[in-house]
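A.B. asks: Listed below, chain by chain, are the residues.
There are 2 protein chains.
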Amino acid sequence: MSLPWFFALTAAVTFAQVPSPESLAHAKVLRAKALAGSSAMSIVTSLTTEVGPRLAGSEAEARARTWALNILSEKGFANVRNEPFAIDAWERLGEGAEIMAPYPQPLAVTALGGSVPTGKNGFSAEVALFDTLTDLKRAPEGSLAGRIAYVGHAMQRTQDGSSYGYFNEARTAGPSIAASKGAVGYLIRSVGTDSHRFPHTGALRYQEAIPRIPALALSNPDADQLERIAAAGQPVSLLIKVDSAEIPAAESGNVLAEVVGRETPEEIVVIGAHLDSWDLGTGAIDDGAGVGITMAALELIKNAGLAPRRTIRLVLWGAEEVGLLGASAYRERHEAEITQHVMGSESDFGGGRVWKVTADSQTEEGDQLFAEIARLLAPLGIAPGSNRQPGGGPDLYPLIAAGVPTLRLHQDGRDYFDLHHTADDTLDKLDAASLDQNVAAFAVFAWLVADSDVSFRAP
Amino acid sequence: MSLPWFFALTAAVTFAQVPSPESLAHAKVLRAKALAGSSAMSIVTSLTTEVGPRLAGSEAEARARTWALNILSEKGFANVRNEPFAIDAWERLGEGAEIMAPYPQPLAVTALGGSVPTGKNGFSAEVALFDTLTDLKRAPEGSLAGRIAYVGHAMQRTQDGSSYGYFNEARTAGPSIAASKGAVGYLIRSVGTDSHRFPHTGALRYQEAIPRIPALALSNPDADQLERIAAAGQPVSLLIKVDSAEIPAAESGNVLAEVVGRETPEEIVVIGAHLDSWDLGTGAIDDGAGVGITMAALELIKNAGLAPRRTIRLVLWGAEEVGLLGASAYRERHEAEITQHVMGSESDFGGGRVWKVTADSQTEEGDQLFAEIARLLAPLGIAPGSNRQPGGGPDLYPLIAAGVPTLRLHQDGRDYFDLHHTADDTLDKLDAASLDQNVAAFAVFAWLVADSDVSFRAP
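In order, the protein sequence lines correspond to chains P and L. If you read the first sequence in numbering that gives the first Met the number 0, its first letter stands for residue 0, the second for the next number, and so on. If you read the second sequence in numbering that gives the first Met the number 0, its first letter stands for residue 0, the second for the next number, and so on.
Just so you know, these hints were derived from the structure itself, not from any lab. The model shown is predicted, which means the values in this text are computed figures rather than measured ones. A few of these clues could be false.
Below 35 Å or equal to it, Euclidean Cα-Cα: the simulated DSBU-like pairs (lysine-lysine) are [what the hints assert, rightly or not]:
{"no.": "1", "chain 1": "L", "residue 1": "Lys-119", "chain 2": "P", "residue 2": "Lys-119"}
{"no.": "2", "chain 1": "P", "residue 1": "Lys-301", "chain 2": "P", "residue 2": "Lys-74"}
{"no.": "3", "chain 1": "L", "residue 1": "Lys-180", "chain 2": "L", "residue 2": "Lys-136"}
{"no.": "4", "chain 1": "L", "residue 1": "Lys-301", "chain 2": "L", "residue 2": "Lys-428"}
{"no.": "5", "chain 1": "P", "residue 1": "Lys-428", "chain 2": "L", "residue 2": "Lys-136"}
{"no.": "6", "chain 1": "L", "residue 1": "Lys-119", "chain 2": "P", "residue 2": "Lys-136"}
{"no.": "7", "chain 1": "P", "residue 1": "Lys-428", "chain 2": "P", "residue 2": "Lys-301"}
{"no.": "8", "chain 1": "P", "residue 1": "Lys-428", "chain 2": "P", "residue 2": "Lys-74"}
{"no.": "9", "chain 1": "L", "residue 1": "Lys-119", "chain 2": "L", "residue 2": "Lys-32"}
{"no.": "10", "chain 1": "P", "residue 1": "Lys-301", "chain 2": "P", "residue 2": "Lys-119"}
{"no.": "11", "chain 1": "L", "residue 1": "Lys-119", "chain 2": "L", "residue 2": "Lys-301"}
{"no.": "12", "chain 1": "P", "residue 1": "Lys-428", "chain 2": "L", "residue 2": "Lys-74"}
So here's chain P without its partners, still in its complex pose:
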């Protein structure tokens, strides 16, 4: 007797042993151990205390790599190594801004990452205010000659950080847009959701063949102040100063460590976080938290005495903040084994709890394993979202482009942009129990994928 084909298919999907009961049991143990207390908080405490700020290409980032190599070796991981690469680094030497007229007073500002200097004494110019980047884009050619352009749109808090991409363009693309209209300087309301006098830095991207103009961000209260003063109707004159330096051929690096697979060690599940940070804070939420979470998850698996079928590789990415340079270097160096990368996920959205899991499964067996992962994450309060959604963190973009499937553990980021890229990104903002929930999720997912022979990649 034979069943109709659709019965057979249903049976196959429903009863296939993906993952094995033993593998599932291990995942549950890992989950419980993480919630009972992981090493995540201790790792991020060590990094932010003993290294502190660690700007890409700086001597401090080098000390962070040394820190990482030491701690990963002490924890007994396999294949601990640094993969160096060269970058054109940028260094902040100082900045400032003052309203000169009509109401003289200092403003709280930060130079955007990559900003050219103004010269020692800075310069003053009249400000042209734009409500939005779209308005700036519509300004006529040459209309900003000799002026400082200001873009003031505010960013509202969201759980998933989804408005960052939109507002962020004022920071990344704005300087060259302003310069293309003749502006001599560029200023934005910080891309951030707090109302404290912390300006938010972050990388800008100058366009070729357009003059490079100094660019800074005002804190939200200072942006309010500038707009209030301008609303009174008199021309506003601003003095801006930026001192900065470019350091060609500076060294950065990715730091790697592994739990080696017992059956197919050449197949790789990549987890990790970026090791560099902006220079203003100590990089606790961005991205010390991710370093702690992913390293603690791998440690949990190792210390449980478990060897999965495949290799789990922790990558602590270098030079993320300045343009995903470590991600590109990794892609280039590991070109030959890219097709062996089974799945990737990065933790780079602070210390908030995970509330959703999505993945980029391209196969039926991948879908099935995703459903099992989701089932094991549900007790952590994590709901499944799409399993057809590439993502998983900024440092995975080059791997995604090469066809590597990803999984993303979405963290609650309502407070993330209060602190992001500010001096206030420090250890006191993190909560150990929340990190442990993240560790549990990372350990469950990484274990289940690595201990399976499931392919998520389209054949």
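Dock chain L against the given chain P, drawing on the hints supplied.
C.D. replies: Just chain L now, kept in the frame of chain P:
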């Protein structure tokens, strides 16, 4: 027929018309008008936007006086004037601190107000950490030779700000105590309740005949960081830099305005706030809020077309932050009319709502009027406290010493020391409705006292 004397007395106390029904009716109208929307927020917006920071003795404080004279004249008050006085002013030119060893990194610091400079390059020294000021006091003579002393006790939030007096001594008295044991520099955990990277400044008081050493405050997260690093057991070396200047015989001033009494104009009820601020923020909660509240209260009385029996005098005190210098100058200049000061009250605790009223009544009729004031404040959520408690704001201390009775409208200050003396003391932290509740309380009390002939002062 005559009643026994104690019946007569009881009758007199119970039925005396203090205040008159008409006066009470006016007070209720003032209260309602304030709650419907006062000018307080608009006043503090104007001051903090058009002047911004206004350190005692600076050109900015002079601009604040000009601002005050203009706005008080525009509002049509009587006897608007500046009463200048000279002070030895202090100017901040810059500061910084870095951990040099074992874990090099910058720290967020502010020089304490009055700190001597370090010299251009600063100096580095080993830190001696003390948990409390008491522990520093117990350090043996000479034991801190060549070192930077650090006092780390934290301040918890309170509704009434009552712990400030205790913890504040680390800032005011600490530098000379440390220097007396041989310390070459002094550092404290900020006297503040936030966990942001805003160090809190404030005045220090050097003692005569003790070397004056540079003194700074760390933000709370930086104090945590320093203590974590020190707890690891290695000696901690710090570099500190302060650049500052003393400006002898700088000008400050008190700005006065009045609603003149209709019957006994020589009798004065003093309300007000201090006009100067620290230099880091724009002085919105300290004390732009008080300026807005008290000026709006007086404006409400004037615009209601009411002339009380006595004069209500608004004093916007100068140079409060650096040692109540305006208060001393006022006391000296007005010595001849001090006994005519019926009562005083200052608003200098931010923008939080009033929850309690206390007074310093020295007479039976004063007690009775206090009870009536309390009855009219009760609908605002204000409960009466002691009526035997001198207070009413720092700028009243010299008047209290001269026997002037005071009344204090106690504000909820749970968040006050999050912002106090930081760069984050800006307009966005204030709430208009909360200011209006304060205005209502000030208008009711000032009107009722000024419209009466009650004496609070012991005969």
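A.B. asks: Work down the list of hints and note, for each, if the structure agrees.
C.D. replies: Each hint, compared with the structure:
About 18 Å separates the Cα atoms of Lys-119/L and Lys-119/P, which keeps this hinted pair within 35 Å; it holds. At roughly 9 Å between alpha-carbon atoms, Lys-301/P and Lys-74/P fall within 35 Å of each other, so this suggested pair holds. Of the supplied pair hints, the one linking Lys-180/L and Lys-136/L holds, its CA atoms being roughly 9 Å apart against a limit of 35 Å. The suggested pairing of Lys-301/L with Lys-428/L holds, with an alpha-carbon distance near 29 Å, which does not exceed 35 Å.
For a cut-off of 35 Å, the pair hint linking Lys-428/P to Lys-136/L stands: about 33 Å separates their Cα positions. In summary, the hint linking Lys-119/L to Lys-136/P is not supported, as the alpha carbons are separated by about 45 Å, beyond the 35 Å threshold. Between Lys-428/P and Lys-301/P the alpha-carbon distance is near 29 Å, which keeps this suggested pair within the 35 Å criterion. Distance check on the hinted pair: Lys-428/P and Lys-74/P sit about 26 Å apart at the alpha-carbon level, within 35 Å; holds.
Restraint check for Lys-119/L and Lys-32/L: the C-alpha separation of about 55 Å exceeds 35 Å, so the hint is violated. Note on Lys-301/P and Lys-119/P: the hinted pairing is violated, with a Cα-Cα distance of about 53 Å set against a maximum of 35 Å. Note on Lys-119/L and Lys-301/L: the hinted pairing is violated, with a Cα-Cα distance of about 53 Å set against a maximum of 35 Å. Proposed proximity of Lys-428/P and Lys-74/L is contradicted: the alpha carbons are some 46 Å apart, above 35 Å.
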